[in-house]
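> Here are the chains, one letter per residue:
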Amino acid sequence: MDSLSLIAMVSIITAGLTMAIGSIGPAFGEARAVAQALSAIAQQPDEAGTITRTLFVGLAMIESTAIYCFVMAMILIFANPFWDYAITAAGS
Amino acid sequence: MNITPDSIILWEWEFLHINATIAFTWGVMALLVGGSWLITRRLTSVAEIPRWQNLLEVIVTGMRSQIREVSHQEPGLYLPFVGTLFLFIVSANLLAIVPGFIAPTGSLSTTTALAISVFVAVPLFGIAHEGLGSYLKHYIQPTPLMLPFNIIGELSRTIALAVRLYGNIMSGSIIIGILLSLTPFFFPVVMQLLGLITGTIQAYIFAILSMVYIASATAAQQTNQTKPDKTRHT
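Keeping their order, the protein sequence lines are chains D and L. When we follow numbering that gives the first Met the number 0, the leftmost residue of the first sequence carries the number 0, and every step to the right adds one. When we follow numbering that gives the first Met the number 0, the leftmost residue of the second sequence carries the number 0, and every step to the right adds one.
Just so you know, the hints here were simulated from the structure itself, not pulled from any lab data. Wrong hints could be hidden among the right ones.
Label-pair restraints from in silico Cβ distances [claimed, not checked]:
#	chain 1	residue 1	chain 2	residue 2	range
1	L	Thr-60	D	Ile-86	47 to 57 Å
2	D	Gln-35	L	Ile-58	27 to 37 Å
3	D	Pro-80	L	Ile-151	21 to 31 Å
4	D	Thr-87	L	Glu-11	20 to 30 Å
Beta carbons are placed, not taken as given, at the ideal position from N, Cα and C, and that holds for glycine.
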């Protein structure tokens, strides 16, 4: 197998794995956070505004790990530096 | 497929390149500044205020109350910075439904610039609030061993701010682009609606997080001297 198709294959498989593994952790974390926030709101409906705002900020922090994985996957597929290098090396 | 609007060159002259990011950033800036100028030209305090003045007052009052709730401080000092961040990001994200408009926040350069301005503003507010020495003392608390971790934390949260906003907005446009080729009519519209929600929430989160960072840099004095603070604000 030549290096070009090897790079393409590894990049695509890694992008898929990145998204798959990288979304498991944030999914568990967000589920836990939302469940806790729901029970907190059920116990103290007066504090719903504060809890919701803190929940959103916390969810954004948790979600950013998934976003990092997504950006990595996008870089691997659409802006892969090794792929660009192999293309220019093969062209010249 | 483009994952950044930086690569769309609209106009170039020798070394000067005007790409889509810069052009649409200027567009959003012109819209915000021009709109505010037009509305605030005729401000009244009579019982029946004009419709647009009412809109601006609602926005400013809402931002002030949010800042006050998050930081437990008077919002006057922070409103210009945090409010500008919020208004710029939210208008850039919401204008994405206008055909032909490419959200400048979908480019890593814009979001990095915004995050760097937060990175610079946090120590500035901290030093202005409690002086250089006691601000720098934050870095060696609780022990001087924590110094490298505090510095790494400053840097990594700046990167996190930039990449979070970029990733969310870019993922919205990428998903719409992919869906357009699979299920052309209905689903892209739904995803666009979802993108509006995401854009608003991300703008809110960016502003709130920068406010939290600034508040954490200025909070030490507040907890130490609660009584003088209270008397000063009356």
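> May I ask which of the numbered hints given earlier this structure violates, with the numbers listed in increasing order?
Hint check: nothing fails, all pass.
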